[in-house]
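J.: Listed below are the residues making up each chain.
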Amino acid sequence: MSDSEKNLPEAVQKNVNKAVGKKADRKNGKNFQEKKIAVVDTMFARGDMFRVAKETIESASAENNWKVKILRRTVPGVKDIPVAILNLLEQGCDAGIVFGMPGSQPVDKTCSHEASLGIQQVQLMTRKTVLEVFVHEDEGADAQELAEIMRNRASKHSLNLLWLLFSPEELEKRAGSGERQGRGNASSFEL
Amino acid sequence: MSDSEKNLPEAVQKNVNKAVGKKADRKNGKNFQEKKIAVVDTMFARGDMFRVAKETIESASAENNWKVKILRRTVPGVKDIPVAILNLLEQGCDAGIVFGMPGSQPVDKTCSHEASLGIQQVQLMTRKTVLEVFVHEDEGADAQELAEIMRNRASKHSLNLLWLLFSPEELEKRAGSGERQGRGNASSFEL
Amino acid sequence: MSDSEKNLPEAVQKNVNKAVGKKADRKNGKNFQEKKIAVVDTMFARGDMFRVAKETIESASAENNWKVKILRRTVPGVKDIPVAILNLLEQGCDAGIVFGMPGSQPVDKTCSHEASLGIQQVQLMTRKTVLEVFVHEDEGADAQELAEIMRNRASKHSLNLLWLLFSPEELEKRAGSGERQGRGNASSFEL
Amino acid sequence: MSDSEKNLPEAVQKNVNKAVGKKADRKNGKNFQEKKIAVVDTMFARGDMFRVAKETIESASAENNWKVKILRRTVPGVKDIPVAILNLLEQGCDAGIVFGMPGSQPVDKTCSHEASLGIQQVQLMTRKTVLEVFVHEDEGADAQELAEIMRNRASKHSLNLLWLLFSPEELEKRAGSGERQGRGNASSFEL
Amino acid sequence: MSDSEKNLPEAVQKNVNKAVGKKADRKNGKNFQEKKIAVVDTMFARGDMFRVAKETIESASAENNWKVKILRRTVPGVKDIPVAILNLLEQGCDAGIVFGMPGSQPVDKTCSHEASLGIQQVQLMTRKTVLEVFVHEDEGADAQELAEIMRNRASKHSLNLLWLLFSPEELEKRAGSGERQGRGNASSFEL
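Protein chains in written order, with my numbering: chain A, 1 to 191; chain B, 1001 to 1191; chain C, 2001 to 2191; chain D, 3001 to 3191; chain E, 4001 to 4191.
Don't read these hints as lab results, they were simulated from the structure.
Don't be surprised by glycine CBs; every beta carbon is placed ideally from N, CA and C.
Take the hints with a grain of salt, since some may be wrong.
As the list claims (entries may be wrong) - Under 8 Å between C-beta atoms, here's a sample of chain B residues computed to sit facing chain C: (1) Leu1008; (2) Ser1116; (3) Gln1120; (4) Arg1127; (5) Lys1128; (6) Leu1131; (7) Glu1132; (8) His1136; (9) Leu1165; (10) Ser1167; (11) Ala1175; (12) Glu1179; (13) Ala1186; (14) Leu1191.
As the list claims (entries may be wrong) - Quick look at which bits of chain E chain D covers, simulated, 3 or more residues with Cβ under 8 Å: (15) 4050–4062; (16) 4078–4089; (17) 4123–4136; (18) 4147–4161; (19) 4165–4172; (20) 4177–4190.
To be verified - Calculated Cβ distances over 10 Å to all of chain D for the following chain E residues: (21) Gln4013; (22) Asn4017; (23) Phe4032; (24) Ala4095; (25) Val4107; (26) Glu4139.
Full structure from sequences and hints, please.
T.: Structural data, given as structure tokens:
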């Protein structure tokens, strides 16, 4: 067990474990080029998803010999995310991940939609992936449930981003399998 | 019967049969230039529509002497599709087809709408067609019905894409005829 | 009566008659430059609006000495229209007209909205007008009513397009007059 | 009383009077550069808002020594406005104003939204202001009320446009004051 | 106590106090480069949020040795904001803040959404942040409550903008902490 695996929250540890499938690569000492990851989060959110993401990224990277550098900005709310992540991506980041927590009122839903459209636009401008990790305030019944969703979604999408950058075949293996972030996976069926 | 026709699921076989109308071309040995098709699918979907598409494309292409190469990426969910298909199209693909399965909650409908707007944008940026094959989780009453819709829609749209690339007159012949993907066709009427 | 006026459906004939107001121009042998019109329609629609448009365009052009060339593509559904009409416009067409028939489900309304936004975008990219002739499946109570709306709207908008290209003063004359396509005109009032 | 003030409808006259505050400028013979104003209106609207706008613009300009030239296009409906106003702005107009009357059905609301998004886009492409004067068919209970809203909104926004072009301090003076177009102003309060 | 702190409304003073945490920087005489802030507000709003913002910006800047220049435009309503703020940003402003008050009718919500999408677009075009300070007319039960929200939101977002320009670590410190503008902060929880 490496240092990076110690004392991780369960939600993070499970994702790190999932990432550690490529023993052969590690044994063969496969060399990955360093990737820069842009992260934007908000003051508005009611929990620190960035910390969860950072732990997942650092642990999984250490396990897999992936080299990662994180650049981060914090903005007031979700509508301030698009231009912030654009700036980071244009400063040389390879991909991005953003964390937000839209409120539960109709006006919040509209704001969230506007932010998401901006994030789409940024990806098409830069040709780089930005994973959007939004947890809506009404997704959970109370703080405890919300916290669980936030941990799970932040950690799993952090791993998804690493896979997109270093190991896209991991995504392909799970195509059409009902993978979910935030809650347990859905059932899948044969076509 | 060619090898490629053997053991195909019924939904695929019916579409391959539809495609095999141009005997003259095949007999005359008409030579088609190879086309590269970009495909993006998701881990989120609950069934492997890519496999259905691949079978349809390969069988119909073999029957019609169409030369096709498939490039594929798998992403977490529908909102990650636009930038992924943009990347493939800009790497030289001639057209694209994307598979997704938006959930049934209002937030999923919004995500699906955002993804679709991104896919529209990608087409206008690249001047290339991307067929969007989305099956909404609430389109079917149960897994069996969903699977049927997914097979049917994935297969029929795969054939549509081939027609757009190799035989646009097949689309023109069916203009205003109530063609549907996912279910049976609608009735049409004289104007 | 010219050949082109013979045996036209009533809906088309009425529009052709409306177009034939500029006898002076015709007598004076005014020479119009040929305009290329891009047309995109769908397999999804339940009636052939292109045929109605073609008849209107050809008859009205013959009457008015307008020179028109039609380029046409057929695509699966309305969301495939924007990139198709963009391609035609960039191949040298002067303006476009597109025909679609969005279904009656909420998801169809969303698709229609996405298509319309794409069509807006195409016009701003090319600086060329594209008239959008969409008949929603729930606009009519039955096939007969739908067919009537489709004929009327397709024919009237075809004439509108010709006016935009050859005779913009016809539009100006009717400014603020409650002109409708698909049904009878609305009443207008003095300001 | 100048010629231009004679026989104007009350709604227009009131706005012209509002504009005539800058006696000093006129006395000092301040010279304004000619500005070209792009106007697009529709056949669909049920009243001629362009005429109201023209009267307001001409009267207020005459009073204030503002030099204005109007370029105008009429299009079928609101969705045809964006590309038309773009064309006029790119032909050298300094700003634009557009008049439309969206219907009362849900599909009309969607069309209006699409038109508005296009008009936003045009402004960002050209860096020029386009005031959108839309009167929704369901804003008034009957033709008389609608006509009143249309006159009021068309006239007041025409004056707003002149202020933006020739006298931006007039807008600044009224910042946060509850100014409305179409109806009476709202109350304002101290912050 | 500096001059700039005297006689400020409570809402502004509280934010100025929050900003005054960096005594060390001030003592060390840290030199900040002058930043130009673009501000756009509307006649439509029922209170003068610009004044609140100006007071906050000037007081907090004086306290912190931040050098700020404000450029301002007033427009009729929220839909006129995007092009106005774009113009100011392209004239050399470093960031922007905009104030608006969408009405309570459905059509107002749509207008607000269109304005917000335009503001998103402007940020992506210029790569510069624009904080959107919209207070919806139905957020408060009466004028008094509305005024309180407007003061609070205008002042807090003005401080946010200063932090983004001069002291981004202040935002980072509050990441995921439930910061709100307009009302009291939300509770936050451990992840």
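J.: Now look at each hint and say whether the structure bears it out.
T.: Results of checking the hints against the structure:
no., hint, in the structure
1, Leu1008, "22 Å, violated"
2, Ser1116, "5 Å, holds"
3, Gln1120, "4 Å, holds"
4, Arg1127, "6 Å, holds"
5, Lys1128, "7 Å, holds"
6, Leu1131, "7 Å, holds"
7, Glu1132, "6 Å, holds"
8, His1136, "6 Å, holds"
9, Leu1165, "13 Å, violated"
10, Ser1167, "12 Å, violated"
11, Ala1175, "4 Å, holds"
12, Glu1179, "4 Å, holds"
13, Ala1186, "6 Å, holds"
14, Leu1191, "4 Å, holds"
15, 4050–4062, "holds (count 3)"
16, 4078–4089, "holds (count 7)"
17, 4123–4136, "violated (count 1)"
18, 4147–4161, "holds (count 4)"
19, 4165–4172, "violated (count 0)"
20, 4177–4190, "violated (count 0)"
21, Gln4013, "14 Å, holds"
22, Asn4017, "19 Å, holds"
23, Phe4032, "28 Å, holds"
24, Ala4095, "18 Å, holds"
25, Val4107, "6 Å, violated"
26, Glu4139, "14 Å, holds"
Going down the numbered hints, you'll see the structure goes against 1, 9, 10, 17, 19, 20 and 25, while the others check out.
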